[in-house]
Amino acid sequence: MKKSLCLLLAGCLACVHLSGCSGKNQVVNYQDTDLPVTTITFFGNKYEPENVRVIEEIITGFMEENPNLRISYESLKGAEYFEALRKRMASGKGNDVFMVNHDVLLELERSGQVADLSGLESIGRYSDAMLSQMEIEDGAVYWVPTTVSMFGLYCNLDVLKKHKQEIPRNLGEWEQVCDYFVGRGITPIVANNDISLKTLAIGAGFYPVYQEGRQTEAFERLNSGSDKLSDYLRPGFSLAESLLERGYIDAAKAAATRKTSDDLEEFARGEAPFMLTGAWAAGRLEEMAPDLDFEVHPLPVLEDGPLLVINADTRLSVNRSSEHLDDAIKFVEYFTREENILKFADQQASLSPLVNSPPTSVKAIRPLIPCYEEGRVVFGADAGLSIPIWDLTAEVSAGLLSGQTLDEAMAWMDEQAKEGLEP
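Per mature numbering (1 follows the signal peptide of the UniProt record, and there is no 0): the sequence shown = residues -18 to -1, 1 to 405.
Keep in mind that the hints were calculated from the coordinates and are not lab data. Any given hint could turn out to be false.
[To be verified] What follows is a set of in silico ranges between Cβ atoms, one per label pair, in the way DEER data are often shown:
id, residue 1, residue 2, range
1, Lys400, Glu65, 19 to 29 angstroms
2, Pro18, Glu247, 17 to 27 angstroms
3, Asn152, Thr42, 41 to 51 angstroms
[Said to hold, decoys possible] Derived lysine to aspartate or glutamate pairs resembling EDC-like cross-links, with alpha carbons at most 16 angstroms apart:
id, residue 1, residue 2
4, Lys210, Glu56
5, Lys345, Asp328
6, Lys345, Asp275
7, Lys345, Glu277
8, Lys241, Glu62
9, Lys59, Asp244
10, Lys241, Glu377
11, Lys325, Glu38
12, Lys69, Asp85
13, Lys235, Glu248
14, Lys210, Glu223
15, Lys241, Asp373
16, Lys345, Asp273
17, Lys400, Glu202
18, Lys235, Glu247
19, Lys59, Asp98
20, Lys210, Asp396
21, Lys241, Glu30
22, Lys75, Glu305
23, Lys312, Asp98
24, Lys345, Glu268
25, Lys146, Glu253
26, Lys143, Asp275
27, Lys143, Glu253
28, Lys400, Glu32
29, Lys325, Glu32
30, Lys325, Glu39
31, Lys312, Glu46
32, Lys75, Glu56
33, Lys75, Glu65
34, Lys210, Asp389
35, Lys144, Glu253
36, Lys210, Glu46
37, Lys210, Glu62
38, Lys312, Glu47
39, Lys345, Glu269
Backbone N, C-alpha and C define an ideal beta-carbon position, used for all residues, glycine too.
Please put together the full structure from these sequences, using the hints given.
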């Protein structure tokens, strides 16, 4: 059977085919068949060419097994994607399958717009840690992760070696190294205006709760309004504020720096010893700066060692109102097969959410693995929280970068968290 893929990438060529392309990508499968063809629409925020290539491969494999189905993948970049997703779902014109994050999922679950995926065969292959995020009390599963994303400290090995400095293993060592560089007129940490400070703060703030196994209790108190979010996150954001005050981060520059984009470009120049951003960008950085010798390490934010912030990520959900519900679920079932998960996660410099998965092939992020295996982890957006923590902490980070005081930022965060809780 003859099949082909048409990849319309943002750029001059794409604009010939797409009106208002503005950072938008589409992958459409065209096929010649005598069978009636059903089109499944798939909406996501994975827009980078290297990500789209893997999605193409998975779509192609699905098409080969299901010649009566056609997949159309469309992507948008960054925050624009989640705003578009919200609008589409609110208007009743949502796609059949879509990628979703913790905060948007809270809204869609409350409005009953996502289908139950608990019948997927792949559910039984997920690790216990992932299942703890996916399953809710009545046994329903409204999303499935395809990666375990990690957030770490990028270390420029050449710069550290040149200055005879070591990779920091705890907060004291990190502060010592940063003070050394500040003393020589070098701003040591490249940061962005979204995930850099908030993941550090969430990790440092919630780490004791995770280590003591008090997540359920703590999240119930937060969800009921008995505890304030600042009760947990103030220590982490206080640390973030300290990094700014001590000159470790250029606040004005970071406020205008986009995540896994502008920050990568700055770090790729090879001048700064550290960068705080998502580990999934390691492959992209290697392509941007092939001569840059770097590794991604756990966050050295504790006195007794590092921790790792992770997320059950690149979550797939199915529109409960889809006209092709069974076929949409069939596609998610295929996407979450072990071979597809491994291929997709490895390409994104992330870990597989499945049990007994092989280690990543991306050498730069391997220093993160021991921390992950030892359980020194915190979920950046834990599914047990009914608070839109991912968006709130991004706003707090932006506030601190723009000069807001810690007290002002915490008061705002608590008020917004209170308003965001379900009545």
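Consistency of the hints with the structure:
1. Lys400 x Glu65: 19 to 29 angstroms: Since Lys400 and Glu65 have Cβ atoms about 23 angstroms apart, the given range 19 to 29 angstroms holds.
2. Pro18 x Glu247: 17 to 27 angstroms: Because 48 angstroms falls outside the window, the suggested range is violated.
3. Asn152 x Thr42: 41 to 51 angstroms: The hint (41 to 51 angstroms, Cβ to Cβ) holds, given that Asn152 and Thr42 are roughly 47 angstroms apart.
4. Lys210 x Glu56: Status violated; Cα separation ~39 angstroms.
5. Lys345 x Asp328: Distance ~11 angstroms between Lys345 and Asp328 Cα, so the pair holds.
6. Lys345 x Asp275: 11 angstroms, holds
7. Lys345 x Glu277: 8 angstroms, holds
8. Lys241 x Glu62: Roughly 14 angstroms separates the two Cα atoms, so the pair holds.
9. Lys59 x Asp244: 14 angstroms, holds
10. Lys241 x Glu377: 14 angstroms, holds
11. Lys325 x Glu38: 12 angstroms, holds
12. Lys69 x Asp85: Distance ~15 angstroms between Lys69 and Asp85 Cα, so the pair holds.
13. Lys235 x Glu248: 10 angstroms, holds
14. Lys210 x Glu223: Judged against 16 angstroms, a Cα distance of about 19 angstroms means the pair is violated.
15. Lys241 x Asp373: 14 angstroms, holds
16. Lys345 x Asp273: Judged against 16 angstroms, a Cα distance of about 15 angstroms means the pair holds.
17. Lys400 x Glu202: 14 angstroms, holds
18. Lys235 x Glu247: Roughly 13 angstroms separates the two Cα atoms, so the pair holds.
19. Lys59 x Asp98: 27 angstroms, violated
20. Lys210 x Asp396: 6 angstroms, holds
21. Lys241 x Glu30: Distance ~14 angstroms between Lys241 and Glu30 Cα, so the pair holds.
22. Lys75 x Glu305: Given that 16 angstroms is the threshold and the Cα spacing comes to 11 angstroms, the pair holds.
23. Lys312 x Asp98: 13 angstroms, holds
24. Lys345 x Glu268: Cα-Cα ~11 angstroms, so holds.
25. Lys146 x Glu253: At roughly 15 angstroms apart (the allowed maximum being 16 angstroms), Glu253 and Lys146 satisfy the hint.
26. Lys143 x Asp275: Given that 16 angstroms is the threshold and the Cα spacing comes to 11 angstroms, the pair holds.
27. Lys143 x Glu253: Answer holds: Lys143 to Glu253 is near 12 angstroms, not above 16 angstroms.
28. Lys400 x Glu32: 40 angstroms, violated
29. Lys325 x Glu32: 12 angstroms, holds
30. Lys325 x Glu39: 10 angstroms, holds
31. Lys312 x Glu46: Holds, at roughly 13 angstroms.
32. Lys75 x Glu56: Answer holds: Lys75 to Glu56 is near 14 angstroms, not above 16 angstroms.
33. Lys75 x Glu65: 14 angstroms, holds
34. Lys210 x Asp389: 13 angstroms, holds
35. Lys144 x Glu253: Holds, because 11 angstroms separates the two Cα atoms, which is no more than 16 angstroms.
36. Lys210 x Glu46: 51 angstroms, violated
37. Lys210 x Glu62: 30 angstroms, violated
38. Lys312 x Glu47: Cα-Cα ~11 angstroms, so holds.
39. Lys345 x Glu269: 14 angstroms, holds
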